[in-house]
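Chains as they are written, first to last, in this note's numbering: chain A, 162 to 255; chain B, 162 to 255.
None of these hints come from the bench; they were simulated from the model.
One or more hints might be untrue.
The list makes no distinction among identical chains, and a pair is therefore deemed to hold if it is satisfied within one copy or across any two copies.
[Said to hold, decoys possible] The calculated lysine to any residue pairs, modelled on SDA-like cross-linking and capped at a C-alpha distance of 25 angstroms, are: (1) K241 to A191; (2) K212 to T189; (3) K180 to E220; (4) K242 to D171; (5) K190 to K233; (6) K190 to F168; (7) K198 to Y169; (8) K213 to A191; (9) K241 to G174; (10) K241 to D194; (11) K241 to Q224; (12) K190 to E248; (13) K233 to D197; (14) K213 to M177; (15) K212 to L200; (16) K241 to L228; (17) K213 to F168; (18) K233 to R196; (19) K180 to F236; (20) K238 to T181; (21) K198 to L240; (22) K241 to A216; (23) K180 to I214; (24) K238 to L200; (25) K238 to D192.
Protein chains: 2
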Amino acid sequence: MAVQSLFYSDRDGLEMALKTPDSMLFTTKADADARDKMLELSENIQLWLEKKIPAMPEEYAEQCALLIAENKDLFQKALKKPEVLSEQADTDSE
Amino acid sequence: MAVQSLFYSDRDGLEMALKTPDSMLFTTKADADARDKMLELSENIQLWLEKKIPAMPEEYAEQCALLIAENKDLFQKALKKPEVLSEQADTDSE
Chain A
162 MAVQSLFYSD RDGLEMALKT PDSMLFTTKA DADARDKMLE LSENIQLWLE
212 KKIPAMPEEY AEQCALLIAE NKDLFQKALK KPEVLSEQAD TDSE
Chain B
162 MAVQSLFYSD RDGLEMALKT PDSMLFTTKA DADARDKMLE LSENIQLWLE
212 KKIPAMPEEY AEQCALLIAE NKDLFQKALK KPEVLSEQAD TDSE
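For reference, chain A alone in the conformation it holds in the complex (with noise of 0.2 angstroms):
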């Protein structure tokens, strides 16, 4: 028997990572950190849209943010090939 550590993010919360474990809880720092610099582009881009877009009700702004934050390589990939997005959109089931 041994300590085992585990990492969430500040940005989620303890509650909401303990409630949420398989995305929110993990075992190693490193896992935490990418989904804490995930949330922080997250949170970046959903205030700047919402600044921008005023009229843009906030579950939009948030939907949004969080889905560029979480596909970060293919947005930018798409910002120099546009493309790539419509490849995804057709091929991707998420």
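Using the hints, position chain B against chain A.
Below, chain B alone, put in the same frame as chain A:
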């Protein structure tokens, strides 16, 4: 007197370009190309958002996509350094 050229993007269409010449009608092909590329990116982002967030009304997907495409360079930076978005949100009065 001499013949002058004007350029617009098919994605806007002639009718729209004539109605909104300040942003859609150009005296150089390069400028019209830049707008065409921006609109191509915007269309791809919009379709992707609509596919991934089916509940989001089309108008918000369109506004979101256009905002991101119009601010492609900023967004590209933000994917690496999210806080550039909040700097812009704070200082920019657009």
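Each hint tested on the structure:
no. : hint         : result
1   : K241 to A191 : between (29 angstroms within a copy, 17 angstroms between copies)
2   : K212 to T189 : neither (35 angstroms within a copy, 33 angstroms between copies)
3   : K180 to E220 : within (21 angstroms within a copy, 34 angstroms between copies)
4   : K242 to D171 : between (34 angstroms within a copy, 19 angstroms between copies)
5   : K190 to K233 : within (20 angstroms within a copy, 32 angstroms between copies)
6   : K190 to F168 : within (6 angstroms within a copy, 54 angstroms between copies)
7   : K198 to Y169 : within (12 angstroms within a copy, 40 angstroms between copies)
8   : K213 to A191 : neither (33 angstroms within a copy, 28 angstroms between copies)
9   : K241 to G174 : between (35 angstroms within a copy, 24 angstroms between copies)
10  : K241 to D194 : between (27 angstroms within a copy, 15 angstroms between copies)
11  : K241 to Q224 : both (23 angstroms within a copy, 20 angstroms between copies)
12  : K190 to E248 : neither (33 angstroms within a copy, 29 angstroms between copies)
13  : K233 to D197 : both (14 angstroms within a copy, 24 angstroms between copies)
14  : K213 to M177 : between (29 angstroms within a copy, 24 angstroms between copies)
15  : K212 to L200 : both (18 angstroms within a copy, 22 angstroms between copies)
16  : K241 to L228 : both (18 angstroms within a copy, 16 angstroms between copies)
17  : K213 to F168 : neither (34 angstroms within a copy, 29 angstroms between copies)
18  : K233 to R196 : both (12 angstroms within a copy, 24 angstroms between copies)
19  : K180 to F236 : neither (29 angstroms within a copy, 32 angstroms between copies)
20  : K238 to T181 : neither (30 angstroms within a copy, 31 angstroms between copies)
21  : K198 to L240 : both (20 angstroms within a copy, 10 angstroms between copies)
22  : K241 to A216 : neither (29 angstroms within a copy, 27 angstroms between copies)
23  : K180 to I214 : between (32 angstroms within a copy, 24 angstroms between copies)
24  : K238 to L200 : both (20 angstroms within a copy, 16 angstroms between copies)
25  : K238 to D192 : both (23 angstroms within a copy, 23 angstroms between copies)
Violation of the numbered hints given earlier is confined to hints 2, 8, 12, 17, 19, 20, 22; the remaining hints are satisfied by the structure.
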